[in-house]
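This is what each chain is made of:
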Amino acid sequence: MRKRGDLVSAFIFLLPLLFTLAVAFLYAFVRTVYFSFTDYNLFQITKFVGFDNYIKLLADYRFVLALTHSLVYAVVVTASQTFLALMLAIVLNQKIRGLTFFRASYYVPCIASSVAITTIFIWLMNRRGTVNWFLTAIGRYWPFIITGLALIVLVQCLQVFWERRQGLPARVLDPALFGISLLIGVVGAVILGRLGVVQPYPMAEAAIPWLTTRQTFLGIPYPLLSIMMLNIWTTTPTFMILFLAGLQDVPQELYEVAEMDGATPWQKLLHVTVPALRPVLFLVITLGLIGTIQMFDQVAIMAGTAPLESTITLSYYVYWNMFGAGTLPKVGMASGAALVLAALTLFVVFIQRRLGFSEKGWYS
Amino acid sequence: MRKILLALVIVGLVVGVGFAQDKVTIRLAGYSGDTPLMQDVLARFVEDKIPGVEVVWEPITEDFLAFVLRTLSAGTAPDIFYVDLYWAETVASTGLVEPLDQYLADSAILSKEDLIPVLVDAYTVDGKLYAISKDFNSLVIFYNKDMFDAMGVAYPSGDDTLATFLDKIVRVYNSREWYGACLNADAARFLPFAFAAGMPFLKEDGSAPFDLAPAKYAADWYTTFNRLGIGATSADIGAGWPGAAFINEQAAICIEGGWLIPPIRNENPTLNFGTAFLPIVWEGGPRGNYLFTCGYAMPTNPPSGRSDLVFKVIELLTSPEVQTYILEAGHAIPSRVALLDSPYFQQEDPFAQATKTVFEATGLAGTLPFTFGEIAGGAYMGAVNEALTLIMQEEATVEEAMNDAAVKLDLE
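Read top to bottom, the protein sequences are chains A and B. Going by my numbering, the first sequence opens with residue 1, and the numbers climb by one from there. Going by my numbering, the second sequence opens with residue 1001, and the numbers climb by one from there.
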């Protein structure tokens, strides 16, 4: 009797959420499935077309392109942001001076508006924008950079050698000695440049069309690569926070025992930290895959700048079929593509769970 | 005493609400960039002019066509909304936009004959008029007189051919100070030249015309500026659009419409500029241009439930007083025939003269309405834009890019 009463109470408390899910998800999902078999244009359905929309999708080169882009984007960005987030979290889990400042600074890209960041990013990635200016500077002044680095290494080695000859304990990367080496290296490179010993490399101004081109790198269009870099930069901090939280639960005794057994930092990372973070890794990778497969906003903001074929993803393909071409919406095609996107998301997460990290902790 | 006061307050509230409910609210939705002007117009010319009617301006920041289609489908469309000629036929085909022929016939203030015929035709679909044009615009060459004087080059003029115009831009280019031209890979700027060169809208068999010789000829000319380095896109210059590059004196010429005049007035009022018609294709040859226009339309079931009052508001918004006011603000050319002789066009200041040039350009032979009929305008222009981008960046030849564009459009 009491159990039934508990069940009823639980159901009543869940009712608002279930109602919202039923309306916003279940009803919308059923209608989407229905529309995908019709020629609905937001105003009327003239006929039931069966699987025609799905056949048209497979025959549409833009759909195939969007699918490829979405998969590549998901794999590359998820892997990169997971790795970087973990590394950042490990670094920021140390007791170093200014830790709070660094943690806050690294998190700023997440809290800024996605639209504002993308707009600034478009400006930076112009053919005569800051990124190309920086690449031109590197391309022209690399002799100075190499000379400076060589001087730094030489002076550092000499200083460490001298210190050790005096019987003083000097680490290879001693900070004080490194400061002196850095100063001498920079000044030395400048002096050699003034004397004409080192000269800038005669290179034309870099005018890489990061966003307005169909060129590819390893098969990935430049505009999509640019969006990948942007998204890795803006999303990594969120996952860094999750990893940081997870790292607080890793018992210190495990690291102490590993150290007593002579484990190197890399071995501690692979055999203590990563297994202990398995549940967090599962969450991060799952969220990463879902978010990247459904990426839309950057492509939409760049719609007037970048060629469609260089940036289109499945989400934008759905939007483009609805409002992109200046004609009545092709709701049937958009619905079919949306269902493919949903199925793909489920499939990728399923594969990830079967072949990758599970949510069970190391102690399981 | 307290109870009496409370009762009075409650009665007052009820009466107030009752009065408020007597007012009919008409929702007017338009581009968010028009907000200062439209709020000014509503305050000056519409507020309190129709008893019991309150007009509320709703600026729309999202894609306007998406907004119109979405709200028409959901039955939540505003009483009056903008309709750009570019997608007018799409919206009219929904069957949810009210034809205005009968309203015009019954109106004592506004009739079809008051409006410029080409603008009436532009919004007529299957014999029914679906929107009333509020203004119109076309493209002209805006040029910086100081830059041309400094380089000793004659100003662009309506007598220029494509070849002489190119020559002037080559000579006005100053590698240290400014570009000769700011031109984007923009079909809305390129297509007038292509049509003037003889490219049809579609081939006779309905396929894409971009692989025809006239299209390639026009594409070769249009992209030459950027390929030679004497021109650049607005993104390359670091401006948001070519008009901004022109206002910031980063380029000697740009191709824009009358919409550039208010920003010049606001941001660089001392700019010494002039305007000229687009160049002709060859000596004695044709000239192309686009006619852009935006109109007011209403849904078949306006939310206010009072189609008659909605049309009265449209009458006010297209009245001679409002259109004259908008004309003198430099915003756009009025759609009323009677205002085409406005004394504003005779004023000597550069803004009035620029507006006059834009107005005259709309009436030249070869000026086509900016519409794509049943073809998806986005797909048509998208194919052209990508071809122009590839040519400007020298990632493809004119031949390859235009052939590719034709194939791409045929796939749609």
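Just so you know, the hints here were simulated from the structure itself, not pulled from any lab data. Among the clues, some could well be false.
Derived, one-sided and incomplete: chain A residues facing chain B with beta-carbon distance under 7 Å [to be verified]:
{"hint": "1", "residue": "T38"}
{"hint": "2", "residue": "L42"}
{"hint": "3", "residue": "N126"}
Note that this is a predicted model, so its numbers are computed, not measured. Beta carbons are placed, not taken as given, at the ideal position from N, Cα and C, and that holds for glycine.
Now the hints, each set against the structure:
1. T38: violated, 15 Å
2. L42: holds, 4 Å
3. N126: It holds, given that the least Cβ distance between N126 (chain A) and chain B is near 5 Å, below 7 Å.
The structure does not agree with numbered hint 1 stated previously, though it agrees with all others.
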